[in-house]
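All chains, please: the whole structure from these sequences, using the hints.
What follows is each chain in one-letter form.
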Amino acid sequence: MSFVLVLTTASLTSVGIYLITSRSLSRIILGFSLLSHAVVIGLLAAAGPAGQAPLADETSAASSANPLPQALSLTAIVISFGLTLFLLALARRQQAVTGDDLVEDDLEDRRIRQSSSDYRSEHP
Amino acid sequence: MILLLLPILLVSCLFLAASGNRLGRLVFPLAAAPLVVTFIWGCSQLVSTAPSAEERLVWVSGLSLNFIFQLSSLASLMTVLVSGIGICVFMYSFGYFSDDSQGLNTFSATLLLFSTAMLGLVWADSVWTLFIFWELTSITSFLLVGHKNTYKEARLSARRALLITAAGGLCLLAGLLLIADSAGTTRLSEMGTAEFSSTAAVLIMIAAATKSAQFPFHIWLPGAMAAPTPVSAYLHSATMVKAGVVLAALFSPTFAETGTWKTVGLFFGIASMLWGGIGALRQFDAKLILAWGTVSQLGLLFTLLSLGSAKATFAAIAILAAHAVFKAALFMVVGEIDVRTGTRDIRKLAGLASSMPITFGVAAVSAASMAGVPPLLGFAAKEAAIEAVLKLSGTQDLIAGGSIVVGSVITVAYTTRFMLGVFSTPSQEAASDATPVAPQSVGMSVSSSLLGACSVIGFLILPKVSTWVKSAAMQLNPEAEIYKLYRWPGLTTAFLVSAAIVASGLVLGWFAEKKIVAEAKPAGARFADLSVSTILRTAQVITGKMQHGSLPFYIATMAITASVATMPFLFALDVEPIYWSDSWAQTTLAILAIISSLTVAAVRTRLSAAIALGFVGLSITGLFVAHGAPDLALTQLLVETVIVVGFVVGLGKLAHGFPQVGVIWRGVRFLVSALIGFAVTAALVASASAPTGEPPLEAIAEKSQTVGGGNNIVNVILTDMRALDTLGEITVLVVVAIGILALAKPRLPSIEREDAAKENVI
Chain Y
55 MSFVLVLTTA SLTSVGIYLI TSRSLSRIIL GFSLLSHAVV IGLLAAAGPA GQAPLADETS
115 AASSANPLPQ ALSLTAIVIS FGLTLFLLAL ARRQQAVTGD DLVEDDLEDR RIRQSSSDYR
175 SEHP
Chain G
748 MILLLLPILL VSCLFLAASG NRLGRLVFPL AAAPLVVTFI WGCSQLVSTA PSAEERLVWV
808 SGLSLNFIFQ LSSLASLMTV LVSGIGICVF MYSFGYFSDD SQGLNTFSAT LLLFSTAMLG
868 LVWADSVWTL FIFWELTSIT SFLLVGHKNT YKEARLSARR ALLITAAGGL CLLAGLLLIA
928 DSAGTTRLSE MGTAEFSSTA AVLIMIAAAT KSAQFPFHIW LPGAMAAPTP VSAYLHSATM
988 VKAGVVLAAL FSPTFAETGT WKTVGLFFGI ASMLWGGIGA LRQFDAKLIL AWGTVSQLGL
1048 LFTLLSLGSA KATFAAIAIL AAHAVFKAAL FMVVGEIDVR TGTRDIRKLA GLASSMPITF
1108 GVAAVSAASM AGVPPLLGFA AKEAAIEAVL KLSGTQDLIA GGSIVVGSVI TVAYTTRFML
1168 GVFSTPSQEA ASDATPVAPQ SVGMSVSSSL LGACSVIGFL ILPKVSTWVK SAAMQLNPEA
1228 EIYKLYRWPG LTTAFLVSAA IVASGLVLGW FAEKKIVAEA KPAGARFADL SVSTILRTAQ
1288 VITGKMQHGS LPFYIATMAI TASVATMPFL FALDVEPIYW SDSWAQTTLA ILAIISSLTV
1348 AAVRTRLSAA IALGFVGLSI TGLFVAHGAP DLALTQLLVE TVIVVGFVVG LGKLAHGFPQ
1408 VGVIWRGVRF LVSALIGFAV TAALVASASA PTGEPPLEAI AEKSQTVGGG NNIVNVILTD
1468 MRALDTLGEI TVLVVVAIGI LALAKPRLPS IEREDAAKEN VI
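Chains Y and G supply the protein sequences, listed in that same order. Start counting the first sequence at 55; every next residue gets the next number (the numbering used here). Start counting the second sequence at 748; every next residue gets the next number (the numbering used here).
FYI, nobody ran anything at the bench for these hints, they're computed from the structure. Hints may contain errors.
To be verified - In silico contact screen, one side only, chain G against chain Y (beta carbon under 10 angstroms); selected entries: (1) Ser1188; (2) Lys1268; (3) Gln1294; (4) Arg1353; (5) Leu1370; (6) Asp1378; (7) Leu1379; (8) Arg1416; (9) Leu1444; (10) Gly1457.
As the list claims (entries may be wrong) - Stretches of chain G that chain Y covers, calculated by requiring three or more beta carbons in the stretch to come under 8 angstroms of a beta carbon on chain Y: (11) 982–989; (12) 1428–1442.
Note that this is a predicted model, so its numbers are computed, not measured. We put the CB at the ideal spot given by N, CA and C, even for glycine.
Printed below as a string of structure tokens:
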């Protein structure tokens, strides 16, 4: 396994997680894109060494790269593309509504936190 | 016949539940009808000597999961007790409730379902059938105890009962699984005796102890008094608490050679017998005295059954029958007193002997039977127990025997205290101070009198009773054949011991009545409630801490969890299959990708971040080319272009930079990111060290040409081998496109926008 690809996967994941833990929806989308890159590179790295393009009539099976993860990755790329665009549309909508793109705390969850502290004050 | 009776009983339950409030108190005679049929059949089976046939209802044939019933001798004795006392309880309910009571239909239906569950339990011959009915008794008793569901106390007690008995149910399931596995059969009648695992023995004994309210699981039983008296009378006599005894009895031959079974059983039995008796001596509520008395009596049964000798088993069955009869009668008496005087406190009750003569008579007979005074059924049964005790040897058995004697003294003592407290006239007060009494109700008097009479009748037909008890005992221990119950044993040692027990019990009871002024506190129950509420509170606090609404926190938590989960990989690393790089191009492009990804995180404006992201995408495209994946490279190039455009169109309006965050939170994010990067490295390297086979590259290439008819293998995989997946993928894109269209509608009207903004501020 190519250690360079491993390092690339790890760095993309790290930066992706760093961005996705932000409050800004646009940074979350950036992080998400990086994470999907990381996953595809990780898949390729895990599936074997680099080789020639897997074309049955031109390259021998032994010298070509593993085609199966490429097919899987293609699906991954397309789906994450769709998701990224959808997130961008959401961000744009939020901008239109609130004028900003910050992800606020979830109201329902905040209510749960509140009920827990209420419970504590009622039953000391 | 069982497969006929069970549907009748269940349909009756449904009918009662559906009858609404129209029938009023008439639901009780109706509910008793199917029990009368059961009772008559039970009696015929008890008298006949022919062995009953097995009845089977296939449930899941492939798993050999069947409802199997067979009426053993013990089962027919229990059938008579459960259905007979059930009939009395329904008659009693007819007098106990008034016509305008609410929910009588559901109450009677639940009570009948409860009896059905108990009957099914004693009829069962497959451990799974047994388990199902066992759980059904737990659930129905929960509903019955919580019948007065507008009272907090009733709800708490019902919850306590359910938690304890359901925990026992889980133990039972585990125990049954273990024993069915090692015995190789699920049939109780085919279990045989073998050296079974101690774990199974302990689990089944714990299950029996929870149901039978044995120390320290007894705490639910006194609370179960929150139920209406008919329920208490039934619960404490023939059903529920006896379910545990029946279970312990059924498995006593199976575990006869498993030492732990006896030890655990004796612990539960002795502790409950003594602690229950002491509890009964310290209560002032007449019903509570009886409830604690039940704990003590069941302890006696557990002790006798665990001793395992033929004589002790025989005595246990006799006491089981006698106890069912007198305890039901005594509870009915207390319920009647409660209804007619408005109190159950023995400090307030006085002089009822003259104002409630019938009730007094029933109470006196039943209490005497409980204390073991001749000429009553309880006496004959107690004699058998004392005789069994006198035959014991060995330290463990002698401790048990001694405890039985002490327990019997305490039983006589709390019985005496109960009778004195409720019925006697305090000498210093005038007769006019006697508690005022409302007129009696026929339904209540008749049924309690019937049960009271049974203690006498049982003694009169003692030879018959003796045969029934003997055949039930022989089912558990064939050596019990030689024993019988005596009306008059003669002046044997056992009789002298009994006489001494009664005498000392009377004295102790008289003292207890005079001296005990402080009421016992239900510490165990309070502890149980406290544990439950502590668990609930902890759960709520933890949920509040974990689920507090911040998305970044959630993601960080998940990332940390995922990283920690990969730590085991660190112990399986093998660097041999790892090499530095495939080519120089790969290294260069990877460095580019890493640097531009760091730029995405470092820049402060959206536009520059989007451009940096584009660079990452381009580097990745290059990596695909270097890896030999031209299809991926093409797709990535297109995708990347659209995404960068999307960023500019979508977020270009937000000119200002990203919001600033605190140093601490940024530090935490750094750490989490570093951790996950480390974890990903470890996981990937570990996956390289553990390949599970060679990829079938040649086969795929060949299939691609012969089946797919294409040379570009990746394309053939997508369009032929995974055609449906690709179709799904296209559908996802269509859905996304529709969603984006809907979201990208023209701007909201300005008013709506201001409102929404305000809402967000709040």
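Taking the hints in turn, this is what the structure says about them:
For Ser1188(G), the interface hint is violated, the least distance from its beta-carbon to any beta-carbon of chain Y being 44 angstroms, above 10 angstroms. Interface restraint check: Lys1268(G) against chain Y, minimum CB-CB distance 21 angstroms, threshold 10 angstroms, status violated. Hint status for Gln1294(G): holds, given a least beta-carbon distance of 5 angstroms to chain Y, under 10 angstroms. About 5 angstroms separates the beta-carbon of Arg1353(G) from the nearest beta-carbon of chain Y, less than 10 angstroms, and the hint is met.
Look at Leu1370(G): its Cβ gets to within about 7 angstroms of chain Y, closer than 10 angstroms, so that hint holds up. A cut of 10 angstroms between beta carbons decides the hint on Asp1378(G): the least distance to chain Y is about 6 angstroms, and the hint holds. At its closest, the beta carbon of Leu1379(G) sits 6 angstroms from a beta carbon of chain Y; the interface hint therefore holds under the 10 angstroms criterion. Contact between Arg1416(G) and chain Y, as hinted, is supported at the beta carbon level, the nearest pair being about 5 angstroms apart and thus within 10 angstroms.
Interface restraint check for Leu1444(G): the shortest CB-CB distance to chain Y comes to about 4 angstroms, inside 10 angstroms, so the restraint holds. A least Cβ separation of about 8 angstroms between Gly1457(G) and chain Y falls short of the 10 angstroms threshold, and the interface hint therefore holds. Note: the segment 982–989 of chain G has 0 residues with beta-carbon separation from chain Y under 8 angstroms; the three-residue rule is not met and the coverage is violated. Only when three residues or more bring their CB closer than 8 angstroms to a CB of chain Y does the claim for the segment 1428–1442 of chain G stand; here the count is 6, and the claim holds.
Of the numbered hints listed earlier, those contradicted by the structure are 1, 2, 11.
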